[in-house]
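Turn these sequences into a full structure, and let the hints steer you where they fit.
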Amino acid sequence: MTASLRERIAAFIDRTADGTRDDDARDALLQELLRSQAEQVMSYAKFLASEPRRPNGRLPALPTDVFRYARVSSYDAREDVRVFQTSGTTIGDRGSHAFRDLSLYDRAAKAAARALLFPDRERIRLIMLAPRATELPDSSLSYMLARFGEWFGTTESEHVFCDGQLDTEALSHALERAERDAEPVALLGTSFAFVHAEDAFTDVRFSLPRGSRIMQTGGFKGRSRSIEPSEMLQLLAARYGVDPTFIVQEYGMTELSSQLYETTLREAALGLPPTPRRLWFPSWVRAEPIDPDTLQPVAPGGTGLLRIDDLANVDSVCAIQTSDLARREGDGIVVLGRATGAVLRGCSIAVDEWRGRA
Amino acid sequence: MSSREIASASDVRKAAERLSCVTPSLRELGDARVVQALSAAATKLADPSDPLGRTLRDEARVASGLSPEMVEWCLTTTLSTVTPTALLSVLEQAQGKPPAGTCAVVLAGNVFTAALRAIYLPLVAGAPVIAKAATGDDVLAHHVQLALAATDPEVARSYELVRFAREDDLAMRALLDHANVVSIYGDDASVEQISARARAGTTIIPHGHGLSALYFPKEGLETESSARDLARRVALDIAAYDQHGCLSPHFVVIERGGRIDARRFAQLLATDALPMIEALLPRGPLHAHEKAACLQWRAAASARGELFANPHSAVSYEGPLSLRENPGARHIAIHDCANDAELLASLTPYGTHLKSLGIAGPREIRERITTLFAASPRPPRICRPGEMQTPAFTVPADGLPALHGLICEQ
Chain X
1 MTASLRERIA AFIDRTADGT RDDDARDALL QELLRSQAEQ VMSYAKFLAS
51 EPRRPNGRLP ALPTDVFRYA RVSSYDARED VRVFQTSGTT IGDRGSHAFR
101 DLSLYDRAAK AAARALLFPD RERIRLIMLA PRATELPDSS LSYMLARFGE
151 WFGTTESEHV FCDGQLDTEA LSHALERAER DAEPVALLGT SFAFVHAEDA
201 FTDVRFSLPR GSRIMQTGGF KGRSRSIEPS EMLQLLAARY GVDPTFIVQE
251 YGMTELSSQL YETTLREAAL GLPPTPRRLW FPSWVRAEPI DPDTLQPVAP
301 GGTGLLRIDD LANVDSVCAI QTSDLARREG DGIVVLGRAT GAVLRGCSIA
351 VDEWRGRA
Chain D
1 MSSREIASAS DVRKAAERLS CVTPSLRELG DARVVQALSA AATKLADPSD
51 PLGRTLRDEA RVASGLSPEM VEWCLTTTLS TVTPTALLSV LEQAQGKPPA
101 GTCAVVLAGN VFTAALRAIY LPLVAGAPVI AKAATGDDVL AHHVQLALAA
151 TDPEVARSYE LVRFAREDDL AMRALLDHAN VVSIYGDDAS VEQISARARA
201 GTTIIPHGHG LSALYFPKEG LETESSARDL ARRVALDIAA YDQHGCLSPH
251 FVVIERGGRI DARRFAQLLA TDALPMIEAL LPRGPLHAHE KAACLQWRAA
301 ASARGELFAN PHSAVSYEGP LSLRENPGAR HIAIHDCAND AELLASLTPY
351 GTHLKSLGIA GPREIRERIT TLFAASPRPP RICRPGEMQT PAFTVPADGL
401 PALHGLICEQ
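These protein sequence lines are chains X and D, in that order.
For the first sequence, position 148 (counting from the first letter as 1) is numbered 148 according to our numbering, and the numbering increases by one without interruption.
For the second sequence, position 242 (counting from the first letter as 1) is numbered 242 according to our numbering, and the numbering increases by one without interruption.
Among the clues, some could well be false.
[Unchecked claim] Partner residues aside, some chain X positions facing chain D, computed with beta carbon under 7 Å:
#: 1; residue: K46
#: 2; residue: F47
#: 3; residue: S50
#: 4; residue: P63
#: 5; residue: D65
#: 6; residue: P292
#: 7; residue: L305
#: 8; residue: S323
[Said to hold, decoys possible] Over 12 Å on every C-beta distance to chain X, these chain D residues come out as not near it, computed from the model:
#: 9; residue: R18
#: 10; residue: P51
#: 11; residue: S67
#: 12; residue: T81
#: 13; residue: S89
#: 14; residue: Q145
#: 15; residue: A149
#: 16; residue: L170
#: 17; residue: N180
#: 18; residue: A338
#: 19; residue: E367
#: 20; residue: T371
#: 21; residue: I382
#: 22; residue: G405
For the record, the hints were derived by calculation from the structure and aren't laboratory data.
Think of the CB as a built atom: it goes at the ideal place given N, C-alpha and C, for glycine as much as any other residue.
Right, dumping it as structure tokens:
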């Protein structure tokens with residue numbers, strides 16, 4: 001990829017950071033970037049050689065599993081400055097996403113969070129239910145939260161996670177302090193960490209100051225009981241006394257450099273008319289459900305596998321094929337959950353799982 | 001209660017109590033009569049012109065998601081194993097020992113014909129059976145009940161079928177409380193949960209997770225034409241049940257140094273054998289999650305080695321043994337290895353989950369491989385390629401004799 005393309009992408013992110021849409025320009029940049037990656041990323045080139053379909057004349061997206069088995073990168077590993085790894089929802093190989101430059105990642109993460117998570121406040125006290133980046137340097141979530149601390153956090157921001165465990169006592173103290181100080185906070189964490197908090201707090205309820213917000217991300221990954229999203233929303237609202245519109249899901253993946261957020265907080269905070277809850281994708285991202293048989297985008301209203309094209313993925317592959325089922329909702333999408341193979345396979349369990357048990 | 005309603009705990013208890021009061025018992029009716037009834041019922045179900053055979057096929061297509069051709073193949077190959085000779089042969093294994101008591105069978109839904117053996121084995125041993133149908137698939141278990149009632153109502157009284165959700169604790173307890181033996185099909189977690197709820201002293205026969213594989217020592221792949229023939233037999237093993245079951249192979253391991261190498265075999269399987277089997281036994285439609293898994297698997301295959309893809313099947317050549325998740329739906333990875341010892345080392349982690357191993361080549365090779373697994377407490381079934389999905393009624397399952405747990409050993 002040429003330096004000028006990277007610069008043009010950076011400029012595009014800056015130009016559209018306020019939510020301005022320019023899909024034609026985005027699509028042109030995506031096409032140019034993906035074509036260059038088809039030549040420079042060996043694992044993507046190998047994939048393209050075995051995948052003849054070209055939906056709407058576009059190159060197909062690279063399925064996420066490839067990140068588990070091959071390096072997906074346009075440059076030499078010696079230039080790596082950071083390698084994020086997937087959390088390993090199964091026991092097999094973890095996926096890796098290498099970076100030689102995190103400036104676009106930062107630019108994208110900051111712009112999306114500013115627009116959707118913190119549109120109304122320069123800084124806020126962050127309470128992070130996730131490990132510190134120093135504790136888990138290969139976690140993209142921990143990295144992002146560390147950056148959030150710098151960009152959006154007050155000096156009182158803190159992590160309530162220690163030795164791989166949610167520190168419920170620290171969380172409780174932080175919440176009580178927010179109540180006492182009447183100062184809004186942002187609770188940021190993984191879904192399973194919030195479930196652990198639910199299980200620990202039992203009858204304890206909090207009433208966080210107005211303007212407090214919750215960002216919940218990721219699935220449960222077998223680390224806690226699973227809870228349906230609508231039930232989770234109710235539980236969080238009731239537990240922390242936060243308006244449901246100020247509770248949003250973040251959709252991020254190790255294989256991406258940009259994040260998607262639900263829309264309700266932005267609308268409520270800026271006094272915009274409310275619209276159905278959905279994931280908003282930034283102007284430099286294209287997210288669309290595709291038909292797995294044809295790889296073509298599904299018709300409006302249809303359900304398909306989520307393909308995400310992310311301009312900030314400059315040094316790997318910008319078109320990523322997920323296994324998440326999604327449907328369009330207005331100008332956004334609703335993720336319906338992971339299309340897992342476990343249900344119908346019956347006794348035929350995943351090989352990886354056994355390998356891990358042995 | 002009509003026979004296909006969801007049972008309450010009280011219904012299950014009544015069904016179990018009915019079983020305990022059945023006279024004459026299967027033992028009193030005599031082995032010959034039971035064998036005759038069971039084989040006649042199977043013959044009835046195997047006949048597509050019989051009204052029961054017809055509804056069985058119609059319902060199985062819907063419940064299993066398999067193509068009509070595949071459903072027919074599954075039924076034919078399964079029901080044809082239940083001959084009077086086979087049933088008598090199983091009885092001989094009992095050596096006149098009495099049944100261990102009432103058998104509760106908890107069925108699973110991934111391979112719809114598995115219900116037959118699960119229900120028939122205790123009955124032929126003389127044990128009354130109360131079976132809990134799999135959620136979403138009671139088809140064969142239900143039709144066995146109807147076919148038995150039509151052929152010998154007195155034998156049929158020793159078989160009760162109930163339907164309830166696995167999560168229904170009270171109903172499950174009612175099922176387990178009346179059983180001396182519990183035969184459980186399903187994933188390992190279900191087997192564990194149900195086992196834990198059985199009364200103390202109950203014999204548990206677990207049929208948990210499993211997978212199968214194929215191995216071709218270099219003597220097993222002599223010529224291009226024998227490799228082509230072998231590929232066609234392997235294609236049948238892969239295609240059967242659309243690779244849903246624990247007898248379905250997940251990977252093929254080929255010893256290096258033979259005349260046909262692993263890559264060439266992968267090519268033959270993908271370009272010749274699997275398309276041929278698809279024409280005869282088409283794959284059923286896939287759910288979205290299966291399509292997603294296939295997309296991911298294919299892409300990873302291209303990264304790990306070489307992919308040979310068809311619209312409804314795919315084969316990868318992935319070099320040395322480094323096994324990974326398989327999506328089923330007629331997708332298989334081919335690996336190569338140095339020798340038997342490397343094969344054994346790579347399969348050992350699967351332990352008793354390895355259910356079946358197809359071996360190419362003459363009988364002596366199968367004997368050699370059987371010896372390799374001799375130390376395993378529940379060794380895989382060693383068989384020829386093309387026969388992985390069609391075990392005889394009499395053979396051990398899950399590494400255990402057919403009547404294991406179903407008869408009094410003392």
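Against the structure, the hints:
1. K46: Result: holds, 5 Å to nearest chain D Cβ.
2. F47: Check passed: Cβ of F47 of chain X comes within 5 Å of chain D, closer than 7 Å.
3. S50: Nearest chain D Cβ about 4 Å off; hint holds.
4. P63: 4 Å, holds
5. D65: Where the cut-off is 7 Å and the nearest Cβ of chain D is about 4 Å from D65 of chain X, the hint holds.
6. P292: 4 Å, holds
7. L305: 5 Å, holds
8. S323: Holds, about 4 Å.
9. R18: 30 Å, holds
10. P51: 29 Å, holds
11. S67: 15 Å, holds
12. T81: 20 Å, holds
13. S89: Non-interface label on S89 of chain D holds, nearest chain X Cβ at 26 Å vs cutoff 12 Å.
14. Q145: Holds: least Cβ distance 22 Å, greater than 12 Å.
15. A149: Per Cβ check, A149 of chain D is outside 12 Å of chain X; nearest 28 Å; holds.
16. L170: 22 Å, holds
17. N180: At roughly 24 Å from the nearest Cβ of chain X, N180 of chain D sits farther out than 12 Å, so the non-interface label holds.
18. A338: Per Cβ check, A338 of chain D is outside 12 Å of chain X; nearest 20 Å; holds.
19. E367: 27 Å, holds
20. T371: 22 Å, holds
21. I382: For I382 of chain D, whose nearest Cβ neighbour in chain X is about 20 Å away, the distance exceeds 12 Å, so it holds.
22. G405: Consistent with the label, G405 of chain D stays out of reach of chain X, its closest Cβ about 18 Å off (over 12 Å).
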